Structure formats: structure tokens, C-alpha cells
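Need the complex rebuilt from these two chains, each delivered in its own frame; the hints are there to steer you.
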Amino acid sequence: MVRAAAGDSDARDKTLMVRIAVGDEVALLELIEKHQGAVYGTIAKMLGDPIEAQDLAQQVFVRVYRAAGTYRATAQFKTWMFTIVRNLVFNEHRRRSRATFVSLHPPECDPGHFRGSPALDLPDLANKTPGENMLRQEMMRKVDEAILALPEQQRLAIVLRRYDEFSYGQIAEILKTSVPATKSLLFRARETLRMALQDYLEKDSLPRPH
Amino acid sequence: MKAGPTDHPSRAEQPDENDPLHDPLWRLLARAPLPEPDAWFTSRALARCRREGRGMISLAKFSRFALVWRWALGGGVGLALAVGLAIAQSQSEKADKQKKVQEAFEIMASIDTDSDSSSTPSWQDSSL
Chain A
638 MVRAAAGDSD
648 ARDKTLMVRI
658 AVGDEVALLE
668 LIEKHQGAVY
678 GTIAKMLGDP
688 IEAQDLAQQV
698 FVRVYRAAGT
708 YRATAQFKTW
718 MFTIVRNLVF
728 NEHRRRSRAT
738 FVSLHPPECD
748 PGHFRGSPAL
758 DLPDLANKTP
768 GENMLRQEMM
778 RKVDEAILAL
788 PEQQRLAIVL
798 RRYDEFSYGQ
808 IAEILKTSVP
818 ATKSLLFRAR
828 ETLRMALQDY
838 LEKDSLPRPH
Chain B
6 MKAGPTDHPS
16 RAEQPDENDP
26 LHDPLWRLLA
36 RAPLPEPDAW
46 FTSRALARCR
56 REGRGMISLA
66 KFSRFALVWR
76 WALGGGVGLA
86 LAVGLAIAQS
96 QSEKADKQKK
106 VQEAFEIMAS
116 IDTDSDSSST
126 PSWQDSSL
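Quick mapping for you: the protein sequence lines, in order, are chains A and B. Counting from 1, position 104 in the first sequence corresponds to residue 741 in the numbering used here; the numbering is continuous, with no gaps. Counting from 1, position 112 in the second sequence corresponds to residue 117 in the numbering used here; the numbering is continuous, with no gaps.
Just chain B, with the same shape it has in the complex (with noise of 0.2 Å):
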């Protein structure tokens, strides 16, 4: 049987109101003392923790890997994101730049269209 508490724990050598030296009471309840475990305690609670424990262990360590390496993923995700935008704004620059060189010889194109109809008009057309 287990001993319980002691009728003097040291801890009560400084007066207390609480739990005073020499208190009956705190006497009487040490002649109560906490029941305990049977002898299967332990392996039950260790398989029990086996049982119900596992996948919370590895959910903590990647969330403890998690918590190291925070500033390492923030980072990688930050460069991704830069490296992301600067692809995005060159491809719309090379494209900004090809639309311009199709217009100018959309613009020629029209100008060569325009000096060919207006060289013979029709009524100077001799085969008429």
C-alpha cells in the first residue's frame, strides 16, 4: 500500500494556515492515502498510446519540421513569386513589342495598298 503523505512534510515547516503543523484534520486525511494503479497500468496506457498516439506524432514532427524551417519555406515562396513575376512581365514586354513591329507593317503595308491605287486613275486609264 502505498505510503501517502507524509504527517510532516517538510514544505510545512513555514507557517500556513492552510496546512498547519500538527493540524488533526491534515493528519486524518494522510490515513486515506491515494489508491493506486494495478500492476497492468502501465503496459495498458503504453499500448494505449501506441494505439491512439501514432498519427498525432508524426502530424507533430512535420509541424515542429514545420516550425524550423518556417523562414526557409517563407523564402522559397517569396522567390517563386519574384522569379513567377519577372517571367510574367518580359513575356508581356516581347509581346508588347511584337504587337508594335506588326503595326508598323500593318502601317507600311497600307501606305504601299494607297500609292498603288492612287498611281492610275481611272480616267486617265488609256484602255478604257
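Bound conformation, chain A alone (with noise of 0.2 Å):
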């Protein structure tokens, strides 16, 4: 069922490239809502800033638009997409690695370590308590903290794993590596997840999603 699902929003995606090949911006306008959720969380799950992840997240759209005249469906749409945002973000990371940055602002002063997301910034204060909602923010930036920490493949391994739901075959092509080398990554990004969120798994006092 959910497979049959799949293959028809790639189906779509699909046709929505060939539509995009010929100039229609009413297609690529619902190729972009479709995916814009994935594409800048992804972004900014990787990356850590909010900024650069709308900067990057535009260009994965730029890239799949140029592209669509010599698009050729030979693998899933997503997937093949998701390897434009891999290529991306990993020259961000080279980039970045290059440059050296010195903040205007003393650690104390960040707003947080996810700077500016909004979605994440807003606190739930419909059900929670203010107490509960420090607690829940403190606990999402230490999440985001132990993500960002991890080496960039085995991080772009478990956020794709986790947060976009590929499977392990989906994976291997994306990062351009094997499925048992994309299982070994998962296996390693979890141990050091596990190690540095070790508080937060002991005491299972969290507030739970509704």
C-alpha cells in the first residue's frame, strides 16, 4: 500500500519534469511545494543554519529545473534529487572547512544552537507548561547538536534514514556507496548518537508527541 503510494508520487514527479522540460512553471510551482518540506529540513538538519539551508535548499529547485530538459527517469525522482542536495551540502561543508568564521556574538549570546528556526524556536504553549517546553528545547538543540556533530556521510545517512524515511537501497545510491558500507554508516552515526544522548535515553521522563 505504502509502496503503491510511492510509486505514484514518483509517477507524478515524473510527470511533472516533462512538464517542467517545456517551460510550465505551474508544474515546477507543485514540484517545489511537493518538496520543499524535505529538501530545506534535510538542509538544515545537515548544516545547522537556517540561512544557508534557504540558500541551498533554492538552488537543489534552480538545478532541478535546468535539468529537467535532459532529465532521464532512470531512478526514483526523490532520489535523484536527493543527490543534488548530497552534492551540495557537501561542498558547503568543504567550503566551509576552507573558510575560517569568527562570531560577533560571545556562544552565550547564540540564540540557540539551531539558529533562527522558526519551527523549532516556537514553543507548543497550548498543551505544555513553560517548564516543560525549556525542557523540550533544551532536549531538541542537544538532538541537533549530536546530528551535527556526526561525520557529514554518517550524518546525511541518518537523517535521511530517519527524518525522510529512504530506504537502505535509496541511501547507498545517494551517497554513492554500497548498501552494506550504508548499513555499517547507520550502525556507527547510532552508537555515537547513543553515546551522546545517553541522558536523554536514561531518564524517560520526555514529553511525548502527540
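Since the hints were made in silico from the structure, they are not lab data. Because the structure is a prediction, the values reported are computed rather than measured. What you were told as hints is all true, and nothing was included just to trick you.
Partial pick of chain B residues on the chain A-facing surface, computed with a CB cut under 7 Å:
{"no.": "1", "residue": "L30"}
{"no.": "2", "residue": "L33"}
{"no.": "3", "residue": "L34"}
{"no.": "4", "residue": "L39"}
{"no.": "5", "residue": "E41"}
{"no.": "6", "residue": "P42"}
{"no.": "7", "residue": "A50"}
{"no.": "8", "residue": "L51"}
{"no.": "9", "residue": "R53"}
{"no.": "10", "residue": "E57"}
{"no.": "11", "residue": "G58"}
The beta-carbon is built from N, C-alpha and C at its ideal position, and this holds for glycine as well.
In C-alpha cells:
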């Protein structure tokens, strides 16, 4: 059932790409609206910088638009698109590793480690007390920090698997590696995260999501 | 706020060492969902595609046209070459023929000249 829905979704994406290739902007709009959450969210999770994530996510859609004319539906559209995401994110990592950044603010003035993400900063005031909200935000910050501390391949593998719900085969295709290597990457990432988030895993007093 | 991944994705119904059912780590990660883009993301992305992608789309259209008609284009070039070669060959044959005729006339002219000059040798000329 889920696989059939995924197949329908992929067929729709490919139809949209054919329409985009002949200059149909309505199709482009539909494609952006459909995938912007996954693309932006994955990039933001990978970089920890929402401003840079906006820019890179836009670049992904520009590349998709440019490639529409020569696009061949040999693989799933989403896998192909996330290969673009991977290339841009890893290029950004390399660019950052070459550059030296000096913060204008001391670390304690940094408004949340995951800077400026409105979706994460907004407290859920309807159901939680201020104390619970603070604990929840602290926990989310720690999870994001732990993910950001992973090596880039492991980080992308865990984000694609946990948040975007890709299969091992698809992740292997995106990371240009084999399925056993992908499983190994995920295993190591899980072990590292388990160590980093041990405190949160031990105390099971966190508020459950609704 | 985006709900993020479910605690029990349908895929996890199958046993898997990397995301087993009821894994506390998997549940913990689900509580820090993917951030969402702001409300203006779609329009900004669309505007950027229009600005930066337009030329490439035209190029892609041409390349797609060229790809579809590559056999016809190849055939056309081949035909033009064949016609060109045939014309060049007929031109050179014509030139050869003209040259041969010209040579024949020159030989005939030289024979006439020889016979004229040998008909009255100077020692037989009575006027001397």
C-alpha cells in the first residue's frame, strides 16, 4: 500500500518534470511545494544554519529546473533530487572547512544552537507548561548538536533514514556507496548518537509527542 | 510545526538492526523534527528558477530537439557531402576532357606549323 503510494508519487514527479521541460511553471510550482519541506529540512539538519539552508534549498530547485530538459527517469525522482542535495551540502562543508568563521557574538548570546529556525523556536504553549517547553527545547537542541557532531556521511545517512524515510538502497544510491556500507554508516551513527544522548535515553520522563 | 517522522513507520514492521521497533534513540530523534521553510520559500525559489534557469531551459530544449533529430541531421550532412563529392568529381572530369581537347588542338597546330616550314627550304628558294 505504502509502496504503491510511493510509486504514484514518483510517477507524478516524473510527469511534472516532463511538463517543466517544456516551460510549464505551474508544474514547477507544484514540484517545489511538494518537496520543499524535505529538501529544506534535510539541508537545515545537515548544516545547522537555516539561512544557508534556504539558499542551498533554492539552488537545488534551480538545478532541478535546469536539468528538466535532459532529465531521464532512470531512478526514482526523489533519489535523484537528493543526490543534488548531497552534492550541494558536501560542497558547502568543504567550503566551510576552507574558510574561517569568527562569531561576532559570544557563545552565550547565541539564540539557540540551531539558529533562527522558527519551527523549532516556537514553543507549543497550548499543551505544555513553560518548564516542559524549556526542557523540550533543550532536548531538541541537544539532539541537533549530536547530529551535527557526526561525520558528514553518517549525518546524511541518519537524516535520510530517520527523517526522510529512505530505504537502504536509496541512501546507498544518494551517498554513492553500497548497501552494506550504508548499514555500517547508520550503525556507527546510531552508536555515536546513543553515547551523546545517553542522559536523555536513560531518563524516560520526556514529554511524548502527540 | 511539522510532525516529523512517525514513531512507528510502516517500514519498521520488518525486523532491522538499524531502526528496530521501539528503539528509544529512534523515538528521541523523532522529537526533534526537521525544520520547515518559511512561508515565502516557494515564491523565492520560483523567482530564482525564473532568473537563473531560463537560458538553460532553452539550451535543454535545443539539445532535446537535436537528440530527437540527430539521425536526420546526420543523414542531411551525409547527403550534402555525397552531392558535393559528385559535383567536384564531374567538374574535374570536365576539366580533364577540356585539357585533352586543348592538347589535341595544340598538337595539330604544331604539325601544321612543321609542314609549312618544311615545304620551302631556303636553299630551294628561287628568289634568293
